[in-house]
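Participant: Sequence:
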Amino acid sequence: MNRFKAALFDLDGTLVDTESQYSQFWGQIGREFHPELPHFSDTIKGTTLEHIYNSFFPDESLQEAITIRLDEWEAGMDYPFIAGARAFIDNIKNNGVKCAVVTSSNLKKIDALRKKMPRFDELFEMVLTSEDFTRSKPDPYCYLLAASRFGCDIGECVVFEDAFNGLKAGMSSGIFTVGLATTNPIDSIRSLCDYAVPDFNHLNYELVNNLLNNKK
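Per my numbering, residue 33 is the first one in the sequence shown, and the count goes up by one each step.
Treat the hints as calculated values from the structure; they're not laboratory data. There may be inaccurate statements among the hints.
In silico DSS-like pairs for lysine-lysine, Cα to Cα no more than 30 Å straight-line [claimed, not checked]: (1) 247 to 130; (2) 148 to 130; (3) 247 to 200; (4) 247 to 125; (5) 148 to 125; (6) 200 to 130; (7) 125 to 140; (8) 147 to 125; (9) 200 to 140; (10) 140 to 130; (11) 200 to 125; (12) 147 to 130.
Just the calculated beta-carbon pair ranges, DEER-fashion [unchecked claim]: (13) 85 to 56: 13 to 23 Å; (14) 112 to 143: 17 to 27 Å; (15) 71 to 183: 32 to 42 Å; (16) 143 to 95: 11 to 21 Å; (17) 95 to 238: 41 to 51 Å.
All residues carry an ideal CB built from backbone N, CA and C; glycine is no exception.
Could you build all of it, start to finish, from the sequences and the hints given here?
Facilitator: So, in structure tokens, the structure goes:
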């Protein structure tokens with residue numbers, strides 16, 4: 033039975049290896065403005081910029097200053113694929129699976145990525161960004177929206193995530209969630225997902241389809 037019809041991918045740390053670059057940026061911002069939060073970059077991982085601002089930087093002038101710095105940082109970032117990600121996407125697309133990016137990043141960031149990766153949009157039928165969501169991860173809204181736009185039952189979808197907030201969003205949506213230990217140790221994410229792997233080299237269409245078919 034071919035039940036696996038839609039793959040819903042987080043972006044940073046899941047598809048592209050950028051988390052260490054963001055940790056540098058937000059680590060510096062945290063040290064400057066929230067020294068009382070030594071793990072600031074971990075706290076905000078996987079959430080939208082709006083959520084970060086509303087929660088930690090309510091002053092609009094400060095938001096503007098941070099946004100300028102963030103835009104400059106993202107324009108200079110590299111966007112290498114996570115190990116095995118490109119091959120996995122090709123594998124599942126060859127088996128008729130639709131692919132979507134479901135990211136807390138905004139359109140400006142995606143435009144910066146597209147300049148470095150011009151064939152990015154050829155890989156995905158849909159790219160959902162923070163502009164599409166009314167609630168940030170760990171709320172499940174973003175993944176439920178993606179499934180709905182594909183016209184798929186949640187039992188036909190799979191979420192692929194690396195960050196704690198994203199894994200919580202996937203699991204609370206009721207969608208089968210695969211956790212990738214590309215940002216956090218695998219033992220720390222096992223309880224936050226249905227199936228945990230080191231990276232995409234440990235996945236293929238047949239395995240994921242079997243996991244869905246055998247889900248209780």
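Participant: All the hints need checking, so say for each whether the structure fits it.
Facilitator: Tested hints:
no.	hint	result
1	247 to 130	20 Å, holds
2	148 to 130	23 Å, holds
3	247 to 200	18 Å, holds
4	247 to 125	22 Å, holds
5	148 to 125	23 Å, holds
6	200 to 130	23 Å, holds
7	125 to 140	27 Å, holds
8	147 to 125	23 Å, holds
9	200 to 140	26 Å, holds
10	140 to 130	24 Å, holds
11	200 to 125	26 Å, holds
12	147 to 130	23 Å, holds
13	85 to 56: 13 to 23 Å	19 Å, holds
14	112 to 143: 17 to 27 Å	18 Å, holds
15	71 to 183: 32 to 42 Å	40 Å, holds
16	143 to 95: 11 to 21 Å	20 Å, holds
17	95 to 238: 41 to 51 Å	47 Å, holds
Of the numbered hints given earlier, the model fails none.
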